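S.K.: Sequence:
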Amino acid sequence: MTDNVLPEFIFHHAGVSVPDLEQAKAWYASVLDFATEREFYIEAAKAKVAMVRRGDLRFEIFEVEGAASLPEERRHPPQDVKTHGNKHVAFKVPDLERFLEVVEARGADVAFVVREKFGKGCFIRDCAGNLIEFVEENRS
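Our numbering puts the first residue of the sequence shown at 136, with every later residue one more than the last.
Simulated from the structure, these hints should not be mistaken for lab results.
Among the hints, erroneous ones may be present.
Said to hold, decoys possible - Capping the alpha-carbon separation at 20 Å, the derived lysine to aspartate or glutamate pairs in EDC-like fashion look like this:
1. Lys227 <-> Asp261
2. Lys227 <-> Glu200
3. Lys181 <-> Glu195
4. Lys181 <-> Asp215
5. Lys181 <-> Glu207
6. Lys255 <-> Asp244
7. Lys222 <-> Glu207
8. Lys227 <-> Glu157
9. Lys227 <-> Glu268
10. Lys183 <-> Glu172
11. Lys227 <-> Asp155
12. Lys181 <-> Glu198
13. Lys255 <-> Glu272
14. Lys181 <-> Glu200
15. Lys222 <-> Glu172
16. Lys217 <-> Glu268
17. Lys252 <-> Glu268
18. Lys227 <-> Asp244
19. Lys183 <-> Glu157
20. Lys255 <-> Glu271
21. Lys222 <-> Asp244
22. Lys227 <-> Glu271
23. Lys222 <-> Asp261
24. Lys255 <-> Glu239
25. Lys252 <-> Glu239
26. Lys183 <-> Glu200
27. Lys227 <-> Glu239
What the hints assert, rightly or not - Ranges of calculated distance between the beta carbons of each label pair, as one might list FRET restraints:
28. Ala202 <-> Asn273: 37 to 43 Å
29. Gln158 <-> Glu178: 20 to 26 Å
30. Leu141 <-> Gly242: 41 to 47 Å
31. Asp230 <-> Glu200: 39 to 45 Å
32. Val245 <-> Phe146: 21 to 27 Å
The model shown is predicted, which means the values in this text are computed figures rather than measured ones.
Ideal Cβ placement from N, Cα and C applies to all residues, glycine included.
Please model the entire structure based on the sequences and the hints provided.
M.R.: Quick look at the structure:
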């Protein structure tokens, strides 16, 4: 007989699809300091894939043969949430203003910034327009 306790699990990675794998690897390296961990090919998806890593954080980046472009409404956070499905991955930063200063100097496309009493955060777009959120938690 088995108990009904769910085994432990932890976050492993997020995945994004891009039109140009080499450009995406360069962007994730130069803007967010990710390094390529490994590369492989998934025959069933006709996808060139790179796993990039920064500490314990990983992104799996896919360049898929014949893939459709990211729809324009998926590039804007307030519009994107109006479509069902996965939205974005989010990371915690200790100081949002400092984070923005650095990534803007590195050429990041800042899509949206929130500065409210409940907290601060921003969304940036990677080189393919995929949204990535960064939040500064305010627990007070």
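S.K.: Between Lys222 and Glu172, does the CA-CA distance stay at or below 20 Å?
M.R.: violated (25 Å)
S.K.: Holds or violated: Lys183 with Glu172, Cα cutoff 20 Å?
M.R.: Within the cut-off at roughly 14 Å; holds.
S.K.: For the pair Val245 and Phe146, does the Cβ-Cβ distance stay inside 21 to 27 Å?
M.R.: With a Cβ separation near 25 Å, Val245 and Phe146 satisfy 21 to 27 Å, so the hint holds.
S.K.: Regarding the pair Lys181 and Glu200, is the alpha-carbon distance no greater than 20 Å?
M.R.: holds (6 Å)
S.K.: Range hint 20 to 26 Å: satisfied by the CB atoms of Gln158 and Glu178?
M.R.: holds (23 Å)
S.K.: Checking one constraint from the list: CA of Lys227 to CA of Asp155, max 20 Å. Satisfied?
M.R.: Status violated; Cα separation ~27 Å.
S.K.: Given the hint that Lys227 pairs with Asp244, does the C-alpha gap stay at or below 20 Å?
M.R.: holds (18 Å)
S.K.: What's the verdict on Lys181 and Asp215, does the C-alpha distance respect the 20 Å limit or exceed it?
M.R.: violated (27 Å)
S.K.: Quick one, are Lys183 and Glu200 close enough, alpha carbons at most 20 Å?
M.R.: holds (8 Å)
S.K.: Has the given pair, Lys227 with Glu271, been kept, meaning a C-alpha gap of at most 20 Å?
M.R.: Holds, at about 6 Å.
S.K.: Quickly compare the C-alpha distance for Lys181 and Glu198 to 20 Å and report which way the hint goes.
M.R.: holds (8 Å)
S.K.: Verify the CB-CB distance for Asp230 and Glu200 against the hinted window 39 to 45 Å.
M.R.: About 41 Å separates the Cβ atoms of Asp230 and Glu200, which means 39 to 45 Å holds.
Hint compliance for this structure: hints 2, 4, 5, 8, 11, 15 and 25 are broken, all remaining hints hold.
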